[in-house]
Amino acid sequence: MKEKNSGIPSWAYLLMGLVAFGLYYGSKQLTGEDVMRLALGKKAGAVLSAADWGPVSPRILNHTGKIVSRKLKAGKPGPQQDSLTFHLVLKGEKATATIRTSMQRQPSGTWDVTKSDTVYSR
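Under the working numbering, the first residue of the sequence shown is numbered 40, with each subsequent residue one higher.
No lab work stands behind these hints, which were simulated from the structure alone. Please read all numbers here as calculations on a predicted model, not as lab measurements. Ideal Cβ placement from N, Cα and C applies to all residues, glycine included. Certain hints may be false.
[Unchecked claim] Straight line, CA to CA, 16 Å or less: simulated EDC-like cross-link-like pairs of lysine to aspartate or glutamate:
#, residue 1, residue 2
1, K110, D151
2, K154, D121
3, K112, D156
[Claimed, not checked] Label-pair ranges, simulated between beta-carbon atoms:
#, residue 1, residue 2, range
4, Q68, G104, 23 to 33 Å
5, K112, G65, 34 to 44 Å
6, K112, Q68, 18 to 28 Å
7, S141, K67, 28 to 38 Å
8, L54, R139, 41 to 51 Å
9, G61, K105, 17 to 27 Å
10, V107, A59, 31 to 41 Å
11, K110, P48, 15 to 25 Å
12, K154, L54, 47 to 57 Å
13, W50, S160, 51 to 61 Å
14, K130, W50, 48 to 58 Å
15, D156, D121, 19 to 29 Å
Hey, can you work out the whole structure from these sequences and the hints?
This is the structure:
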């Protein structure tokens, strides 16, 4: 008579392997923009559009030179939050530009930039 096997069946190992591969592949396909959209929800469009103009602006490029890296620090999002402040740090060949931007939600639900300040450092 056969002994009863109380271990994990082989199909479970196969399933766990497929799930692990899917998570690994999915994490490699995520970009910073995708993570920002997940974290900020409805605010993501306004924040990403404001962050995209930084490296392209000729005024900033005159001070910094070619942009080597950029880093975006956003405030903690909340469901009832009506304002948001974020910092965009652009490191260039000649200098670093830090852009501090405040955004406010309008009664219509759209986000508008209310204040923006750019600081350059070498």
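Hint check results:
1. K110 to D151: Given that 16 Å is the threshold and the Cα spacing comes to 21 Å, the pair is violated.
2. K154 to D121: 14 Å, holds
3. K112 to D156: Holds, because 15 Å separates the two Cα atoms, which is no more than 16 Å.
4. Q68 to G104: 23 to 33 Å: With a Cβ separation near 32 Å, Q68 and G104 satisfy 23 to 33 Å, so the hint holds.
5. K112 to G65: 34 to 44 Å: This hint is violated: roughly 25 Å between Cβ atoms.
6. K112 to Q68: 18 to 28 Å: Once the Cβ atoms are compared, 24 Å apart, the range 18 to 28 Å for Q68 and K112 holds.
7. S141 to K67: 28 to 38 Å: Holds, at about 34 Å.
8. L54 to R139: 41 to 51 Å: 48 Å, holds
9. G61 to K105: 17 to 27 Å: 38 Å, violated
10. V107 to A59: 31 to 41 Å: 35 Å, holds
11. K110 to P48: 15 to 25 Å: 47 Å, violated
12. K154 to L54: 47 to 57 Å: 52 Å, holds
13. W50 to S160: 51 to 61 Å: 58 Å, holds
14. K130 to W50: 48 to 58 Å: Because 50 Å falls inside the window, the suggested range holds.
15. D156 to D121: 19 to 29 Å: 20 Å, holds
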